[in-house]
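Line by line, the protein sequences are chains A and B.
Per the numbering used here, the very first residue in the first sequence carries number 1; after that it's consecutive.
Per the numbering used here, the very first residue in the second sequence carries number 158; after that it's consecutive.
Source of the hints: derived by calculation from the structure; they are not laboratory data.
It is possible that part of the hints are untrue.
Think about it this way: if two alpha-carbon atoms lie no more than 27 Å apart in a straight line, the pair counts; the simulated DSSO-like pairs of lysine-lysine are [to be verified]:
1. A/K88 <-> B/K390
2. A/K67 <-> A/K103
3. A/K114 <-> A/K89
4. B/K373 <-> A/K92
5. A/K89 <-> B/K373
6. A/K103 <-> B/K379
7. A/K67 <-> A/K114
8. A/K67 <-> A/K88
9. A/K88 <-> A/K114
10. B/K373 <-> A/K114
11. A/K36 <-> B/K373
12. A/K103 <-> A/K92
13. A/K114 <-> A/K36
14. A/K67 <-> A/K13
15. A/K103 <-> A/K114
16. A/K67 <-> A/K36
17. A/K13 <-> A/K36
18. A/K89 <-> A/K67
19. A/K114 <-> A/K92
20. B/K379 <-> A/K114
21. B/K390 <-> B/K373
22. B/K390 <-> B/K379
23. A/K103 <-> A/K89
24. A/K103 <-> B/K390
25. A/K114 <-> B/K390
Residue-level listing of the chains:
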Amino acid sequence: MRPCNSLKLEFLKNWIMGLQRWSFSKKEMGILERKKAIKLSADIAMASARNGTTRWSRALIANAYSKHDKHLVSKGASTEYSRRIRSKKILKRSCRRIRRRSKGLVRERTRILKNLIPGGELMNEGSLIEESLDYIVSLRAQVDVMRSLVSASEVDR
Amino acid sequence: MELNAGAAGTGPHKTASERDEVAALESLQFTDEIRRLMSAPATDNASSFTALLELPAPQAVQLIHSPDSAKLTAAPAPAPNVDDFKGSFHYPFNSGLIERAARFSVFTGDGNINEDNKSNSPEPTSYNSSASLQKPVKSEPAETESSQPLVSDPTVENRRNKRKDREKVKGSTKKSKTAAKESSDDAEKLPYVHVRARRGQATDSHSLAERARREKINARMKLLQELVPGCGKISGMALVLDEIINHVQSLQRQVEFLSMRLAAVNPGIDFNLDSVFTAENGSLMDSNFPGMVMPMMWPEVQLNGNRQQYPPQLHFNALQQSVWGKEEVCNNYITPENSLLSYDSSGNSAPLHSNRLKMEL
C-alpha cells in the first residue's frame, strides 16, 4: 500500500512550516541538535497531517508538547491532546494493575509493539493493531518524503 | 443572568421530563405493537405468546391513556419488534420477575431463556429502533411500570438474535447477549453485529464476545500482514507480530538516519526555507515565470523571487515529478509544460536542484 500523495503533501507542508519556525528561533546549533530538531519537526508534521484522527498522532503531539521546547508545536489542539492523554492515563492507572511479566510470545511482542508506537500503552489490543497500521503508513510516507528530499539535496555534492 | 439561572434550573427538570416522555413514547410504541398483534392471529406458539401478553396488556392499556395519542400515531411502528415477540418465551408473568429476568438475560445470559427458544420466525429487520430502545432501558432500570415494556426489549433483541443465529447453527443453542452488547458498542457503525455460534463451540456470552473480538483483531491483522512486506505467508500471530515490530523499528531508524543526513546538508535547508518563506506570500500561484504555474509544494523549496530568471526552473517541475517517484501529483497546479517536458530519472534532474541549492548556499 503506497502512501497517497495527499498525505505526503500535507506532511511536507507542515514540515516546512515547522522547520521555518524553528530556524527563526535558533540560528546556530550543532549537527546533532539540528538532526533532533529536523526529526522532531518531521514527526510532528506527520502527526498533525493526521489531524487528530488517530491516537498515535495525538499522543505524539502531546508528548512533544510536554517534553521539548514548545515553539515547535504551537496549536491549541496540542493542549487538548495532552489533556486527553492525561485523562486516559489516569483512567488506565486506576483500573488496571500494571503487570510486567509477559507470559507467552504474543504477549511479549504486543508489549514491545506498545512501546514502539507513540501512545501505545494506553490502547487495548484491537486499537493497537489499527493504530499500528496507520502508523506504518504514515512512517512510510515520511520516509519517502525525507528520502527524496535528501536525494534531491545531496546528489552531485 | 437570572434568565440563565432560571434556564439552568429548569434544564435538568426538562430533561428528566423529556426522558420520561421518551420512555413513555417508546413504551407506547411497544404497546401499540402488542395491541396490533393481539388483534392479528398469532402464527405459532400462540399459547406462550398470549400468555406473555396477558401481563403487558393491562399495563399497556394503562399506558395508552396517559400520554396523548398524537404521539402514538406519529411514531413509526416498529413492527418487527412484536413479530419477534411471538417467539416462544416463557417468562414468569410478573412484572418484577419479568424485569429481573430480562435484565438477567441482558447481562448474564440465563439458561432458561435458551431452552425456550423453539420456533423460528421470519427474520426481523429494524434493529435500529430496538437498539435505540435498548439505551433507555439501560439508563432507567429503576422505573418499573414504564420500563417494563422497555425492559422486555433487550429480551426481544435476544430473541431476535438468537433466532437469527439459530437459523445458521446446526444444533447448538446460543446466547445473544453479545449481539445486544455489540449493538450498543457498535451502534454508530452497525446496528447489530450478528454473532453466529459455530457448531460445537462454546456458546456462553463471554466466549461469544471474545470470539467477536478475536475476529475483529484477526481481520486487522490480515490487513497488517498485507501491508508489511513478507508477511503474507507467515502463519501464526507471534511471527507476524515479529515482522511488524521489525518493520516499525526499521522505519523509525530510517527516519533517524534521514534526518541526520538532512542535518548534514547544512545549512542549506534552513537557508532554503528562509528565503523561500520570505518570498512565499506573493508568488506561489502567480506565474512569475513565463507561462508557468508551479506546483505548490516544491515551489516552497525552489521558488524565490530573485531566481526568476534561472533558466532550468522549467525543469524543476520535472524534478518534482521524479522526486515524488513518478507518482501522479494530485494537485491541479501542473501546467502543460510538465507534460511536455521529457524527464527521465531523478539522476538527471536532481543535479539541477542541487545546483540551485549550491547557488543559494
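Structure versus earlier hints - violations, ascending order:
1, 2, 11
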